[in-house]
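We have chain U already, so just place chain H on it with the hints.
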Amino acid sequence: MFWLKLVTNFIKILREGQTPAQVAGGFALGSILGLSPMLTLQGLLVWLITLILDVNLSAATFSLGLFALIAYIFDPIFHRLGYFLLIDINGMKGLWATLYNAPIAPLTRFNNTVVMGSFVTAIILFAPIYFGMKNFVVAYRATLGVRMHKMKIYQIIDRSSLLQWYKRVRSLGDVL
Amino acid sequence: MRKKFVFVVLIPVIIFLLVIYFFVDSWITSGLEYAGEKVVGAKVEIDRLHVTINPIGIEFARLQVANPDSAWKNLFETGKVRFALNFGQLLRGKYIIETMEVNNLILGTKRTTDGSIPKPKEKIAPHPPIAFDSTGKPLANLPPLTEQARSVLDPEGSKPSTSFDLDKIKRELKIDSLLNPNNLATYRHIDTLEKQINDASVQWQATLGDIDKSKAKLVEIESKAKSINVGAIKDIQSASDALNNVKSILNNVNDVKTSFNNQKTILTDGVNTFNGSIKDLNNLAKQDFQNVVSMAHLPDVSMKGIAEMVLGKDLLKKAYTYLGYVEQARTKIQNTSDTPPMETPKRLQGQNIQFSVEHVYPKFWIKKILISGGADKTEDPQYFYAKGQILNISNDQRVTGMPITVDLMATKGGTTTLSLDASFDRRKELAVDNYKAQLSGLEVKEMSLGRSDFLPTKVSNAVADASIIVNVPGRHFDSNAKIVFKNMNLSFDRDPNGLVERIVRDMLASVKGFNINLRMWRNEDTFDVAFTTDLDDQLTSRTKQVIGDEVAKIQNDLRNKLNSKIAEKRQEIEKLIAEKKDMVTNRLKEFENQLNDKGALVEAKKREIENRIDQEKKKQTDDITKKAKDALKGLFR
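Protein sequences appear in the order of chains U and H.
If you read the first sequence in numbering that gives the first Met the number 0, its first letter stands for residue 0, the second for the next number, and so on.
If you read the second sequence in numbering that gives the first Met the number 0, its first letter stands for residue 0, the second for the next number, and so on.
Since the hints were derived computationally from the structure, they do not count as laboratory data.
Note that the structure is a prediction, hence the values are computed from the model and not measured.
Incorrect hints may appear among the rest.
As the list claims (entries may be wrong) - Simulated DEER-style distance windows between Cβ atoms:
#, chain 1, residue 1, chain 2, residue 2, range
1, U, Val6, H, Thr343, 26 to 36 Å
2, H, Gly400, U, Pro102, 17 to 27 Å
3, U, Ser160, H, Lys2, 34 to 44 Å
4, H, Leu390, U, Leu38, 26 to 36 Å
5, H, Leu390, U, Ala20, 37 to 47 Å
As the list claims (entries may be wrong) - Sample of chain U residues with no beta-carbon within 10 Å of chain H, all distances over it, derived:
#, residue
6, Asn8
7, Glu15
8, Ile69
9, His78
10, Gly90
11, Ile122
12, Gly131
13, Asn134
14, Val137
15, Thr142
16, Gly144
17, Lys151
18, Tyr153
19, Gln154
Stated by the list, open to error - Mimicking DSS-like on lysine-lysine, the simulated pairs with C-alpha atoms at most 25 Å apart in a straight line are:
#, chain 1, residue 1, chain 2, residue 2
20, U, Lys11, U, Lys149
21, H, Lys225, H, Lys37
22, H, Lys2, U, Lys11
23, H, Lys118, H, Lys72
24, H, Lys37, H, Lys345
25, H, Lys285, H, Lys560
26, H, Lys2, U, Lys133
27, H, Lys109, H, Lys72
28, H, Lys216, H, Lys256
29, U, Lys92, H, Lys427
30, H, Lys225, H, Lys212
31, U, Lys11, H, Lys3
For every residue, glycine included, the Cβ atom is placed at its ideal position computed from N, Cα and C.
For reference, chain H alone in the conformation it holds in the complex:
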């Protein structure tokens, strides 16, 4: 035992405790802010945090969470927040909070400082991200919702803009350029076929050359067969020898025939393959037509196209943003796994493994967050003040047996109300998220309608009501939004270009309100959007009426020109195939005839010899019979 060890131990311990006492508040503040910023992606600020000893807990005066999409606004800010930790569970390294009080929750407040944080360099993922089950295990290769929805929802995306100015379309339509052979898959396919046929033709010629070599064998067979003189056969023995000889010649004939049949099959199959390839040209021609129509930017007069262009831009952008939030909740709220895959942590950090057991506490559990929106008198009419409760935020719902539930009600200026009910269930293998939001009396001061290249329009001073239901069971997704705009005024940024825009503008000018139904869903692998509005019927029927015939006429013209161009090229390849086929067929036929002739000759010779043998046998039998009869006659005489 060390002498005076009390000093050796006690002095460092006292210094250690003093340092903790003086710095613990700022350490915890920094830790919470850092963790919050990592989750949100924008600044998180905590004011005047204080650690309490009895009960062990934390309270702070204010929390501000900046909006990552708008750095000078907060997602929300709070007044005083207070909570106590369960000491018994803290000894077990678990953070269990019975009730957290959150006062004065206000949504969307303005900030006095920039709330953005520098974004870390994004690493390029080697594979597309995938969706996860309730423990974070990847589901079958399924891309995230936002990725699937991007092409469908993003109005500024890669879709080429479609013009509705028919005069302009006609003026700018350069058919020769559109029908350039380099743009036509059919042309390219035919060129490839020609090359393949010419290559194959060389092979066919070689095979036909081999067949021609067999003609010498046929000549030899013929001369051998002819050299057998049946008339010169005098006895059975010489007849038998001749028969064996002719059988041997017949075997040679059969060998040549077998070899020829094999070569014939190869050649015929080769030629027929190219005949089959010709049939593919019809599908390619259809594909070429679609491409040409797409390159011509002809307007799509379907209901979806019109509705999307009139109402799309901001609305779809917002839908895409909210979809991102749904996805974040879907992927970030996960149960911990007992058997997580091995990670590659930073040096000396290791990987923490959770060992969940039923009927005990999880690592982290806030049982209840009570939110109060402050007193009505002090409310600023430009912000939403929220109240309600959030229950059972935990790192493992299978242990708590409780899903996360959110029940919030927010008001703004006494006229706008927002209610949000949501649940995030990770108790079973398949995660299930549900949202139900109701918004009423929302003032829409300004909102743009329509794409910048199609009659940009602004809605001003409207009032909107909305009802949104979202269900995310497992890999599926289904959302329904009903939005009603009332008392609105429409203003247009520029004069209409062309007939269609004029029709749309005339129609919209008289509109004071409209309904929108937006449904987005994902079944198995495909993401889709259904966008309907009561404007559609009138708008699209009038638009279709006027431009439908014109568009059809342009399309027919394009189709005819494309077909005639393709037919010309097609004739070329069909002629080439016919030529090659005739050449192969004729030469095969010629050889086959020769082969059959020689075969018949040998067969005839064989039959002749067999007849001769029969004759010889009969003659010998007759001689013996005659001799026997003569002998018998002499005996009885």
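In isolation and in its complexed conformation, chain U is listed as follows:
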């Protein structure tokens, strides 16, 4: 039910409420958290930024779940990319050695192939995800939303017994 609620909230946010920049910001920050392993210094930092900045938390949580799934699927590729960056590029070895022996930096676990590969991927994808999401929210609110509501598939899902049952349970919770 948590996931269902998360998706419903996310769709609601797409329609109205916070600005497209806030939704896109939450979604893009959530993508970094989802793609990278959690227990790293930079992970905590991104969490802190997400909590401090007035970005949409539902979008961030939804994006975290979505990109964690993507990270799981693409893990071998992140491992290879991280290995390539850490081992195969001789010019960067000096930098890695300095960071490895500097204070704090090793707490980022940058020397782990998956952390390195996934974090670099997340950073590269951050801007496209942000701007892509922002444009999507604007478009959704202007035209896409209405068109989607008219789509047969949306109506089938909307009338599905599971969703109706969920709505009843939710309204019951509101009354209580």
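Quick look at chain H alone, frame taken from chain U:
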């Protein structure tokens, strides 16, 4: 900026810190126990672990490490253990411990619970394991020590048991069964040769058939040569034509000859190959003899065989066990590599890469472990209490510049002492391990001597001293152990069977002590053991004297019967090869004679024509000379 973000951030942070505060001790305990169990392969238990904040460190009341080979005993247990971590290096993700205090280290204590852990299913390695250098890179395909040593040291291994009961051997020796053709490689080889010869013979017949076809050409050549009538040649032109004709016939002869020579070479080589194969039979016959002797389980009366059987079982088993520990240290203590090969880690775990730099700290370094064995008054006389120090345990000795050194002294009951000095050097590419152990006054309450099938004997109430030196430089291995048994009593589990066992028993009954030297070494690829004892000289000389002649007699008998059986079969194949060779040679010879005859005929015809041409030329010259002379005479008349 989010409004009231302080609450949004602070409340989770406070909850997070509280959870850590309450659970960090048990998390670290579980983590250390899990890591320890993975290394040891048996239970590791830590009691009352506590994380200290100032200085940042850990202390716990007791550590028990179970013995993986004996689950109801500990490898060792300790009293209070305390150490502090270098905070500055902790910020760099490095675990640096200046001094770790280990109190009351006791070896081999009994456990109140089972210390075994379920073993994970072993994956079958696609290739035999190999040895490693100081960074864990594989050395050239070299199997581990224990694997190489298994066949040499394991007295219960695949070696068939050897009986010393000569009457039984003679009674049970079934020569017909031993000399069964199916067991003899020579027989099998001869059968294969026969088949090959018969197959080749078909090919030879075909080639000889081709040669026979050439006989028709020879007949044609002969008739052509004979058809040239030299007497009928009247002038130079017809002589020249005849010469060209005979040259053409000669070319045909040469063509047939070339083709024949090629076929002859193939046939001769084929036959000679089988002649060469016959020579291999001598080596196979020797091999068959060794196999037959082995299957007969005739006793090996060499010194090694006797010593191994009298003193072997437990001692070699122990040596094998300790060899396993040496190997574990050799392979587990490794430097990290800057360029490790790509692994295939579990999902979301990745591979950690270490970036070592000289003159900085490695990832992990315990500079000193101070071990105290407790106060003498409280010591239990049945256990070893150890004290000493272990220095420089690190994950990269190239960075610390220090090898791991162990200097321990243990005592038991005030009478037995054990000292151990060891170093594990991984500073250079080639790993070097050294061990030196001294043991004195060890009470041996009971120890079995001899194999269960050869006069099982027990030593009881002996005192043993031992000195062991082990050097493991790179792929080499060399260990020397000197063991002295004193004040011992021997008891025998059963009555002796046969003459040899009686001799051995009589000898051992009078023995109150003996020395053993056990050397094990590996040079390049081979592992070997030298086992000597002062019992050997008397024991083996008497044993050899009695059974040596008998064994030699049985061996000679076996050899003669085997040789005559093989000779019979060998004659068969030699006859077949001779027959085939004669057949091929005779037919080749017959054709070669015909070919030579026809060739000579054509050559003779050629010479005849050439002579005729010479005659014709001379005749013409004479005619011209005569005509010229007549003309000149008329001129001057």
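10 Å cut-off, C-beta based - U:Thr142 kept clear of every residue in chain H: holds, 31 Å
For U:Ile69, is the shortest CB-to-CB distance to chain H above 10 Å, so the non-interface label stands? holds, 12 Å
Does U:Lys11 lie within 25 Å of H:Lys2 when you go C-alpha to C-alpha? Between H:Lys2 and U:Lys11 the Cα gap is close to 22 Å, so the pair holds against 25 Å.
Between H:Lys109 and H:Lys72, does the CA-CA distance stay at or below 25 Å? holds, 4 Å
Are the Cα positions of H:Lys225 and H:Lys212 separated by 25 Å at most? holds, 21 Å
Any Cβ of chain H at or closer than 10 Å to U:Lys151, or is the non-interface label fine? holds, 38 Å
Quick check for students: does the CB of U:Gly131 sit more than 10 Å from each CB in chain H? holds, 24 Å
Consistency of beta-carbon spacing, U:Ala20 to H:Leu390, with hint 37 to 47 Å: violated, 60 Å
Please confirm whether U:Gln154 is truly not at the interface, meaning its C-beta sits more than 10 Å away from all C-beta atoms of chain H. holds, 37 Å
Does the alpha-carbon distance linking H:Lys285 and H:Lys560 stay inside the 25 Å limit? Roughly 13 Å separates the two Cα atoms, so the pair holds.
Using Cβ atoms and 10 Å as the threshold, tell me whether U:Val137 really stays out of contact range of chain H. For U:Val137, whose nearest Cβ neighbour in chain H is about 23 Å away, the distance exceeds 10 Å, so it holds.
Against chain H, does U:His78 keep a CB gap of more than 10 Å to every residue? At roughly 6 Å from the nearest Cβ of chain H, U:His78 sits no farther out than 10 Å, so the non-interface label is violated.
Hints 5, 9 and 21 from the earlier list are contradicted by this structure; the remaining hints agree with it.
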